[in-house]
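Taking the hints into account, I'd like the entire structure generated from these sequences.
2 protein chains.
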Amino acid sequence: MRVLGVDPGLTRCGVGVVDGVAGRPLAMRGVGVVRTPADAELGHRLVAIEQGIEQWLDEHDPEVLAVERVFSQHNVRTVMGTAQASAVAMLCASRRGIPVALHTPSEVKAAVTGSGRADKAQVGAMVTRLLRLDAPPKPADAADALALAICHIWRAPAQNRLQQAAALHASRTTPAQKGRTA
Amino acid sequence: MRVLGVDPGLTRCGVGVVDGVAGRPLAMRGVGVVRTPADAELGHRLVAIEQGIEQWLDEHDPEVLAVERVFSQHNVRTVMGTAQASAVAMLCASRRGIPVALHTPSEVKAAVTGSGRADKAQVGAMVTRLLRLDAPPKPADAADALALAICHIWRAPAQNRLQQAAALHASRTTPAQKGRTA
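Protein chains in written order, with numbering that gives the first Met the number 0: chain A, 0 to 181; chain B, 0 to 181.
In case anyone wonders, no lab produced these hints; they're calculated from the structure.
Where is the CB? At the ideal position from N, CA and C, for every residue including glycine.
One or more of the hints may lead you astray.
Stated by the list, open to error - Stretch-level coverage of chain A by chain B, calculated; a stretch enters the list once three of its residues show a Cβ under 8 angstroms from a Cβ in chain B:
1. 33-44
2. 87-93
Said to hold, decoys possible - Okay, the calculated beta carbon distance ranges per label pair:
3. Leu132/A x Gly96/B: 34 to 42 angstroms
4. Arg131/B x Met0/A: 35 to 43 angstroms
5. Thr77/B x Ala169/A: 37 to 45 angstroms
6. Ala39/A x Thr103/B: 19 to 27 angstroms
7. Gln121/A x Thr77/B: 49 to 57 angstroms
8. Thr77/B x Leu132/A: 36 to 44 angstroms
9. Thr10/A x Leu167/B: 26 to 34 angstroms
10. Ala166/B x Thr10/A: 58 to 66 angstroms
11. Arg95/A x Asn159/B: 38 to 46 angstroms
Quick look at the structure:
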């Protein structure tokens with residue numbers, strides 16, 4: 000499975016491509032950052048992010064786009080930019096029929112470090128080890144994008160089993176039963 | 000000036016087209032709502048919004064897109080959807096070279112009702128009167144989109160004068176002076 004991880008942001012959008020399946024060594028295919036100037040108009044920044052993501056999709060042809068699920072506990076201004084940049088990334092993938100998977104920051108940290116509260120340095124160190132790199136990818140947004148891709152590769156089998164079980168349960172449950180349990 | 004107003008939202012994106020200049024009667028050219036199913040995947044909803052906005056841009060060829068400036072004092076889930084939908088609308092316009100203008104909800108209310116704290120009914124009533132409609136546009140998102148377009152038509156002259164004054168001031172200020180005043 001080839002996954003394009005995107006750590007969304009208006010100023011820096013981290014992007015990283017990882018090949019792999021759960022239980023086997025992973026391979027990094029690319030890592031980088033899509034940047035837009037902070038003094039440009041918002042609409043132009045969104046166009047620049049679209050162009051950047053399109054290039055990564057063209058070049059690496061991923062099967063899935065994994066993007067950070069945006070929460071609002073962060074700084075308000077940052078959250079808006081993150082939500083807008085992630086919308087553009089999701090739009091680019093969905094337009095091509097590429098599935099989009101969302102993972103929370105703590106799911107990503109837990110997947111690569113074992114702790115949902117790991118810091119940036121720990122995530123960077125584990126990404127470096129898991130992908131057998133010479134040094135942690137810089138900036139941190141690029142490392143986070145790779146961590147998102149790794150998280151998806153490892154979580155996808157369990158998520159698929161859950162979805163299948165839920166679909167099976169739904170197909171076996173009559174509408175009347177659903178009404179009672181809802 | 001022809002303005003496409005967009006009241007962004009994932010479930011209902013209000014859209015309204017108004018022709019006019021400040022100080023002259025306004026004319027509505029179109030009003031409607033781009034809807035996406037709440038149970039669809041987020042990426043697919045963003046693609047549907049893109050297709051809807053593109054249709055409105057194709058059909059009405061506006062000179063400006065006016066969109067609500069998203070704030071975070073609202074409900075957290077709603078704000079995320081609003082930010083994502085507005086990102087798609089801004090992207091569609093900017094990609095075509097159409098300028099994007101942002102107005103806050105209170106600026107819009109103040110423009111059409113005289114009060115920044117007017118309620119939905121008051122905004123709907125004034126939009127109906129200003130555009131000489133038979134009844135308030137429904138749903139409220141459609142009326143809000145028209146109010147955004149009207150707000151932009153009326154505020155644009157003042158905004159342009161401010162921008163020109165700021166640009167003139169910046170061109171007359173030397174970098175050293177800027178450093179001291181920053």
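- Task: Could you check the structure against the hints above and give me the numbers of any it violates, in ascending order?
- Result: Hints 4, 5, 7, 10 are the ones this structure does not satisfy, whereas the remaining hints hold.
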